[in-house]
Every structure is written in structure tokens, then in C-alpha cells.
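Please model the complete structure; the sequences and the hints are all you need to start from.
Protein chains in written order, with my numbering: chain A, 177 to 757; chain B, 38 to 316.
No lab work stands behind these hints: they were computed from the structure.
A couple of the hints might just be wrong.
[Said to hold, decoys possible] Within a straight-line C-alpha distance of at most 30 Å, the following computed DSBU-like cross-link-like pairs (lysine-lysine) qualify: (1) A:Lys592 x A:Lys526; (2) A:Lys526 x A:Lys331; (3) A:Lys201 x A:Lys268; (4) A:Lys645 x A:Lys429; (5) A:Lys705 x A:Lys383; (6) A:Lys705 x A:Lys645; (7) A:Lys315 x B:Lys201; (8) A:Lys475 x B:Lys141; (9) A:Lys586 x A:Lys645; (10) B:Lys201 x A:Lys475; (11) A:Lys526 x B:Lys141; (12) A:Lys331 x A:Lys268.
Quick caveat, the model's predicted, so the values are computed rather than measured.
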Amino acid sequence: MTSLLSVSGLRVGFGRDPKQNEIVKGVSFDLDAGETLAIVGESGSGKSVTALSINRLVDFGGGRIIGGSITLKRADGRVLDITGAQEPVLEKIRGSEIGMIFQEPMTSLNPVLTIGRQIEESFRLHRGLTGRQATAAAKDALDRVRIPDAARRLKYTPNQLSGGMLQRVMIAMALACNPRLLIADEPTTALDVTVQAQIMALLGELKRETDMGMIFITHDIGLVAGIADKVMVMQAGEAVEQGPLGDVLDQPKHPYTQHLLSAVPHFESGRAARSDFSRTQSEAIAPALTVDGLTVRFKVAGSILTRSPGSVHAVENVGFDLMPGETLAIVGESGSGKSTTARAILGLVKPTRGSFSANNGTIVDGSDPSVQMVFQNPYASLNPRLRIDSILAEPVIAAGSRIDTGTREKMVALLKRVGLPENSLLRYPHEFSGGQRQRLCIARALMLNPSIVVLDEAVSALDVSVQAKVLELLVDLQHEYGLAYLFVSHDMAVVERIAHRIAVLYAGQIVEIGNAASVLSNPRHSYTKRLISAVPSIERRNQHFELDTRQVPSLVRPPGFEPPPAEWQAYGPDHRARAEA
Amino acid sequence: MSMLRAIFSHSSGRIGGTIVVIYVIVALLGMSGITPHNPLQQFRIDRLHAPNAAYWMGTDLFGRDVASRLMNGIGQSFLVAFCSVALATLAGTVLGLTAAWFGKAWDGLVMRIMDVLLAFPAILLALLIIAVVGPGTWTSVAAIAIVYTPIFTRVVRGPALSIKAREFVDAARTFGSSRRYILTRHLLLNLVAPLTVQVTLALAWSLLTEAGLSFLGLGTQPPASSLGLMLADSRNLMENAPWLLIFPAVAIMISILGFNLLGDALRDILDPKTRRSAP
Chain A
177 MTSLLSVSGL RVGFGRDPKQ NEIVKGVSFD LDAGETLAIV GESGSGKSVT ALSINRLVDF
237 GGGRIIGGSI TLKRADGRVL DITGAQEPVL EKIRGSEIGM IFQEPMTSLN PVLTIGRQIE
297 ESFRLHRGLT GRQATAAAKD ALDRVRIPDA ARRLKYTPNQ LSGGMLQRVM IAMALACNPR
357 LLIADEPTTA LDVTVQAQIM ALLGELKRET DMGMIFITHD IGLVAGIADK VMVMQAGEAV
417 EQGPLGDVLD QPKHPYTQHL LSAVPHFESG RAARSDFSRT QSEAIAPALT VDGLTVRFKV
477 AGSILTRSPG SVHAVENVGF DLMPGETLAI VGESGSGKST TARAILGLVK PTRGSFSANN
537 GTIVDGSDPS VQMVFQNPYA SLNPRLRIDS ILAEPVIAAG SRIDTGTREK MVALLKRVGL
597 PENSLLRYPH EFSGGQRQRL CIARALMLNP SIVVLDEAVS ALDVSVQAKV LELLVDLQHE
657 YGLAYLFVSH DMAVVERIAH RIAVLYAGQI VEIGNAASVL SNPRHSYTKR LISAVPSIER
717 RNQHFELDTR QVPSLVRPPG FEPPPAEWQA YGPDHRARAE A
Chain B
38 MSMLRAIFSH SSGRIGGTIV VIYVIVALLG MSGITPHNPL QQFRIDRLHA PNAAYWMGTD
98 LFGRDVASRL MNGIGQSFLV AFCSVALATL AGTVLGLTAA WFGKAWDGLV MRIMDVLLAF
158 PAILLALLII AVVGPGTWTS VAAIAIVYTP IFTRVVRGPA LSIKAREFVD AARTFGSSRR
218 YILTRHLLLN LVAPLTVQVT LALAWSLLTE AGLSFLGLGT QPPASSLGLM LADSRNLMEN
278 APWLLIFPAV AIMISILGFN LLGDALRDIL DPKTRRSAP
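Written out as C-alpha cells, the structure reads:
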């Protein structure tokens with residue numbers, strides 16, 4: 177019996193001379209119906225190109241298959257050689273036999289058409305349905321991906337739906353014609369963890385219902401454990417290891433797989449939390465930063481005729497303190513107000529109410545040199561037209577100092593400290609990789625000897641193994657300079673590695689705050705529980721994620737609205753959660 | 038230096054660059070008086086002489102050497118074009134940057150004024166300004182500068198708005214960098230590429246506008262020469278002395294072709310999206 181899909185010796189090249197510029201160098205695997213293969217690798221490993229070759233979409237990106245074969249068993253039992261197929265045949269195959277989901281649901285849908293129209297299109301093309309039949313089929317498709325109130329949502333345009341909802345729409349479209357093979361290219365990377373868990377649950381359920389084969393591409397080896405039957409690890413265009421899920425995760429043979437498994441921060445429910453700092457020892461020391469009653473509201477603009485409907489309560493009465501040498505992680509999903517909190521502390525957003533004070537008792541305002549920030553995207557946070565020495569000099573100039581030999585020595589020392597070569601000073605940002613750029617950003621933040629560094633998703637944009645190294649550097653620097661970190665992140669596994677304390681933000685309010693080990697191992701608030709149970713982990717194999725369609729409540733409140741004061745309940749010496757109704 | 042090499046390895050940049058360099062040399066020679074003859078001297082016996090060895094491009098109705106007048110005229114036209122584009126770039130950059138940075142009412146005010154200016158056809162607006170102030174070389178410089186300021190304001194404001202939202206500007210604000218530092222080092226430095234392209238293309242348009250104004254008798258005043266003025270003088274003699282028309286017309290055409298080719302090449306070279314595909 178031949179399997180559903182069989183790939184052998186696949187080689188793909190790009191550019192004018194594809195043989196010279198090979199991206200995929202001889203990859204082979206088989207996939208049966210009802211089976212899930214996970215392809216794991218870092219950016220540039222060729223995992224997406226491999227997947228795109230299977231439905232030959234790679235041709236449109238400038239790639240050429242230069243060797244090997246891909247055969248697909250079609251619904252009628254015939255075997256099709258995809259590498260040699262003509263475009264008209266491939267058009268029939270795509271959508272009807274091979275469905276595909278992409279990473280960014282926001283950009284994969286046409287923003288000016290209703291989602292109903294876009295789903296109907298695949299029914300029109302592949303099944304010849306028209307008019308009411310197509311609409312009914314589209315509604316069924318949305319029902320299938322558990323979108324509540326499907327009939328009404330058909331008339332929505334993509335901007336009216338959240339990222340998770342859009343990814344469900346994408347899945348509905350991919351499944352419209354009951355494909356026998358589904359290719360999911362990082363389908364949850366752009367989504368929040370709880371939404372990710374929902375999408376994973378949905379994919380698992382649909383796979384069981386329809387018995388289709390699935391290829392799941394991801395960089396997150398933790399996610400693989402929950403869904404895959406087989407795993408293939410790719411590095412630099414080659415499949416370095418493949419086998420059943422258990423074998424690859426428990427007895428990795430290839431050094432790269434071992435490296436991936438050890439480098440990637442795995443979530444361990446608080447067991448891996450840091451224990452190198454304790455609040456009891458430093459009771460006498462004044463906190464490095466105290467935030468009290470921080471509230472940020474953005475007024476919603478009304479039209480000419482109507483009054484403003486109120487304001488968005490982005491951050492509501494947030495308060496915490498931060499000791500020198502301590503890391504407080506602020507976790508939450510997109511829209512929870514975690515970045516707004518960080519930006520307010522740095523004066524990038526004007527708070528409606530609330531105060532910050534630094535260790536010396538002074539009120540912190542925007543340009544306080546003792547508070548510095550490292551941004552999420554290392555590609556956007558360095559001016560591409562400035563040389564590294566100018567970039568590092570900027571905070572010094574801004575503080576009103578002159579650039580002298582002392583400053584240059586400090587630049588060189590800091591560059592060395594963050595692990596960059598000395599000659600970096602005379603280079604431009606584009607000559608550095610993502611991880612190196614983030615090191616540059618860290619060096620820049622340290623130029624003014626700050627006592628507090630705000631890290632806004634500082635490692636989220638980096639590859640997993642680079643993430644681990646940057647986290648290590650951050651911990652070392654914290655010990656060396658006694659820095660206090662405010663670490664804003666959505667990634668629980670990363671937070672576990674760096675945080676001493678954790679504040680969980682939900683809909684603009686802190687719902688739970690306390691010692692990291694305690695919060696992660698014993699969450700008390702229902703939202704924290706949900707958040708932690710959604711985190712994928714190597715130990716959670718073939719898990720059945722629970723399907724949950726709850727949405728984050730709207731943060732728009734009528735003018736003059738004041739939330740009732742929070743009631744807190746203590747669980748242990750340094751762990752408290754908001755009481756729930 | 039690498040910029041020059043890039044221009045001359047780009048196929049249309051090579052042609053455009055060569056044309057522009059030749060024109061600039063001719064203009065400099067023409068303005069400094071190094072011409073075959075004195076452009077103002079009237080050789081009475083050789084009036085309306087066809088091109089020959091002595092008068093390379095013939096002579097005009099007053100017996101003046103067309104080649105010398107053409108060189109002088111190119112100099113005059115380039116002077117007006119360069120000065121007016123420099124003024125427009127300066128004004129447009131300042132207005133566009135401040136509009137993008139301060140936003141709100143200032144942005145609204147600046148951009149609405151620019152919209153009004155853009156609503157007029159270029160030559161009509163220039164005519165209006167000259168009608169108020171009176172003709173002359175420097176009035177046409179001012180008029181052309183005002184006509185092209187809105188274009189530069191727009192070219193600067195759009196990208197400035199998007200750069201303003203980039204993280205490195207946020208980062209600069211967290212250090213407490215001064216407004217001047219952010220505007221010059223972060224915004225302006227990243228606007229050099231679109232501005233360079235726009236300056237080159239605007240030079241072509243302002244040459245054309247200057248020629249139009251002089252043709253109508255509102256730009257450079259006789260006896261000084263300019264390309265448009267020479268065209269105007271040739272109007273009634275088109276059939277008897279076609280060289281009076283052909284040489285200035287071809288001169289205008291080739292100069293604009295040169296600037297446009299150079300501008301296209303710069304756009305290819307400076308735009309990171311097309312950089313790799315540029316031959």
C-alpha cells in the first residue's frame with residue numbers, strides 16, 4: 177500500500193541558478209491518512225519551502241524543484257507525481273486535495289471582501305456551487321470551525337474579527353473541500369497562547385473527524401508534543417532527524433535535535449523558576465521602582481454628530497513595586513495592556529492617573545536616565561542609517577554629556593560584555609543578525625548605567641536557540657549590575673526562566689501577582705489558570721486542548737466610568753489574586 | 038563614491054548621469070563667459086546665418102551667435118532651476134517634517150495650504166505670482182520654488198509619519214533625545230533617499246517651467262538669454278531659420294531626458310526593494 181503522500185530526495189533551489197542556491201537538500205518522508213507530521217526548524221532551515229513544494233506554490237516564490245519526487249495518492253486511488261504535474265492539474269489539486277493555512281491570518285484574507293464571499297469562492301471554484309447553496313455551505317464551514325453565530329459573521333469583513341477568529345476562517349477555507357492533506361505553516365505563531373490552544377484543539381478534532389493527513393510546520397518544539405505523530409527536524413535544508421514523536425523527543429540522536437530540546441525554554445509549571453533572589457532578604461532596601469494606581473485611558477473619537485462613546489480603559493489602576501536585582505514579569509495576551517504599562521513608565525504614553533517613583537524617591541518622568549527600555553523588534557529599534565558608534569552614543573548625547581575617550585571605552589567594554597566583536601562600532605545595523613541586534617539594543621540601554629531596564633517582549637522576535645542565549649546574558653547582566661528588570665512577555669516558558677515575580681494582566685488590570693514559582697505552580701485566578709493550561713509543553717503529549725470560545729471583554733467604557741475597587745485575596749506570603757465574583 | 042559607481046553601473050543612470058554632467062559643464066562655461074563668441078555681440082553682416090564653421094549653430098536675427106547664446110542660456114536656465122529646487126527642497130522638508138512631527142492643527146494648516154497650491158496647474162500658479170511681483174530672473178526662482186514646495190512637503194511628510202512610528206524613534210524618546218536630534222538624525226537621515234530622487238525629478242520639471250515662463254516673456258529678460266527666450270524669438274523665423282528653433286528645443290528635451298533617467302536610476306539604487314534586481 178502506498179501512503180497518502182510520499183516525498184523522496186526533494187531538492188529545491190532559488191534564483192537564476194537553482195543548483196547553486198539550494199535551500200532544500202534532499203528531504204524524504206511519508207505521510208499516511210490521519211497522520212500528523214511536524215516539521216521543526218529555525219528560520220532559514222527550509223521547512224516552509226519544503227511545505228510549499230508539496231502543492232508547488234514554491235514556483236510562485238521563485239523556487240524550482242531540481243530533484244527528487246513528490247507523489248500524492250488522489251481520492252480516486254490514482255497516484256499523481258506532483259513534481260512533474262502541469263499547472264492546470266495543480267490548480268485542481270490545491271484546495272480540493274491539499275489545503276493550506278498560513279502564518280498570518282490578518283494578511284492572508286482580502287480586507288475589502290466579506291469573509292462569506294471569500295469562503296464561498298472556494299466552493300464555487302471546486303464544487304461549482306452558486307448563490308444560496310454556496311452561502312449555506314459557507315455557513316456550514318464556519319460552524320465546523322466552531323465560530324459562534326456563523327450566519328451573521330459571514331457578512332463581516334476581516335477587520336471586524338480577532339486574529340484567532342480569522343485563523344479559524346482560514347481553516348474553514350482550507351477545509352472547504354475536504355482536502356485529504358492539510359499543510360499548516362506556523363498557524364499559531366501570530367496568536368496568543370490561549371487562542372493558540374484553541375486552534376490546536378480545533379485542528380486535532382477536525383483531523384479525527386475527517387481522517388486527513390496533516391503537515392504541521394513550527395519552530396516551537398513544545399507545540400509539537402501536543403499534536404504530532406511523527407517529527408522531522410530540519411537544519412540548513414536537511415532533515416537531520418525524523419521518527420515517531422516519542423523517539424525524537426525522548427531519545428534525540430542528532431546533536432542539533434538535542435541542542436533544540438535543551439536550548440528551548442520548556443514550560444515546567446514553576447519548577448524552573450529562578451531562586452537567586454528573595455524578597456525577605458531585601459526588605460530593608462527601598463524598591464527601585466514603585467508604580468501606584470497607574471491608569472491609562474484613550475478617548476474613543478466620536479463622529480461629528482455623535483459624542484464620544486467613552487474611552488478605552490487600556491490600563492486600570494495597576495500598582496506594583498520592583499526591588500533592585502529583581503525581575504518582575506508582566507504577562508498577558510495582546511490587548512491586556514502590558515505594553516501600555518511599560519510605555520507609560522517610560523513616558524511614551526501619557527498616563528491618565530498614577531505615579532511612578534524611582535529608588536531615590538524622585539518621580540520618574542519620560543527621560544529619566546535610570547530607566548531604560550529594550551524593544552521587541554530588533555530590526556525596527558535601530559536606525560538603519562546610523563553607525564553603531566552613533567547609535568550607542570545617542571543616550572549619552574541625550575543626557576547632555578560629551579563623547580570623549582571615556583565614552584568610547586565604555587562602548588567597547590559594553591559591546592564586549594554583550595558578546596559582540598570590538599570592530600562592531602564602525603558597522604551598520606544591517607550587518608548584524610537578529611540576536612546580535614538585540615544585544616546591541618541591550619548595550620545601548622546600559623550606556624547610562626540605568627537601575628531599571630524595561631524589556632518589552634525583548635526575546636519574542638528571536639529564534640529559540642538565540643532566545644536562550646539572550647536570556648542567559650540578561651541574567652548575567654542582572655547579577656553584575658544589580659539591575660531591576662520589568663519583563664513584559666506573553667511567553668510563559670520564557671517568563672519562567674527569567675522572572676522572580678509575576679504579575680498577570682487581564683483586560684487592563686492585574687488579576688494575580690506574586691512569587692514566580694508560586695504563581696506558575698499554583699495559579700489562583702481563573703484567567704491565570706486558563707493561561708497556564710494553554711501553554712504547550714514537551715510533557716503534555718497528545719493533549720486534548722479544551723475548546724473555549726470566550727472572547728476578551730471590550731475595554732470601552734462610557735465616559736466617567738470608574739471600576740469598583742479591587743478585592744484581593746492572599747495565598748501565601750507573596751502571592752495574591754483578585755477575588756472573583 | 039560608491040554612489041557614483043552605482044549610478045554609472047546602472048544602464049539608464051549611465052546615460053542620464055553623462056547627460057547631466059555634460060550640461061553642468063556647458064552651463065558653467067556659458068555662465069563664466071567661455072563661449073565661442075560673446076553671446077551679446079551682434080555680427081551685423083552675418084544675420085540669420087545658417088550653421089557653419091564660424092557659427093556652429095548659426096546666428097539669429099541680430100547676428101548673435103546661437104551656440105554662445107545657447108551655452109549662456111543653459112547656464113541661466115540651470116541657475117534658475119537649481120536655485121528654485123534648492124529653495125523648494127528646504128521649505129518642503131521643513132514644512133513636511135514639522136507637519137509630521139507636531140501633527141494636529143499645524144499639520145492640518147500646512148497640508149491644506151499645500152492642497153490649495155497643488156490645485157493650481159504649475160505654470161498658472163507661477164504666472165499668478167509673477168503677475169503680482171513683476172517679471173525677472175529672481176522672481177521666477179521664487180515662483181518656481183513656491184510651485185514645487187507642496188510636492189516636497191508631501192514627499193517628506195508621508196515617510197516621516199511612518200518613520201516617526203518606528204521603534205528607534207520611541208527608543209530615542211526614552212533616552213530623552215532632543216527634538217532636533219530626533220528630527221535630523223532619525224527622520225531626516227532616513228529621508229535622504231526619497232528626497233534625492235525627488236530633487237532630480239524636480240530639476241527636470243523646473244527646467245521646463247522656467248523655459249515656459251521665459252517663452253511667455255515673464256522669466257529671464259532680454260538681452261540675457263535663456264532657453265525659453267530663444268524659443269520665443271525663433272517663433273516668427275521658423276521657416277527661414279529653423280536652426281533658431283531646433284537647437285534650444287533639442288537642448289531642453291535632452292536635459293529633461295537626462296534628469297529623468299538619472300532620477301529613475303537613483304530610485305532603483307536607493308530603494309531597498311529594487312536594489313537587488315537593479316542590473
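Consistency of the hints with the structure:
1. A:Lys592 x A:Lys526: Violated, at roughly 36 Å.
2. A:Lys526 x A:Lys331: 37 Å, violated
3. A:Lys201 x A:Lys268: 28 Å, holds
4. A:Lys645 x A:Lys429: Holds: A:Lys645 and A:Lys429 sit about 23 Å apart, inside 30 Å.
5. A:Lys705 x A:Lys383: Distance of about 27 Å is within 30 Å: holds.
6. A:Lys705 x A:Lys645: 29 Å, holds
7. A:Lys315 x B:Lys201: Distance ~43 Å between A:Lys315 and B:Lys201 Cα, so the pair is violated.
8. A:Lys475 x B:Lys141: Within the cut-off at roughly 16 Å; holds.
9. A:Lys586 x A:Lys645: Holds. A:Lys586 to A:Lys645 sits at ~23 Å (cutoff 30 Å).
10. B:Lys201 x A:Lys475: 22 Å, holds
11. A:Lys526 x B:Lys141: 17 Å, holds
12. A:Lys331 x A:Lys268: Since the Cα atoms of A:Lys331 and A:Lys268 sit roughly 28 Å apart, the hinted pair holds (cutoff 30 Å).
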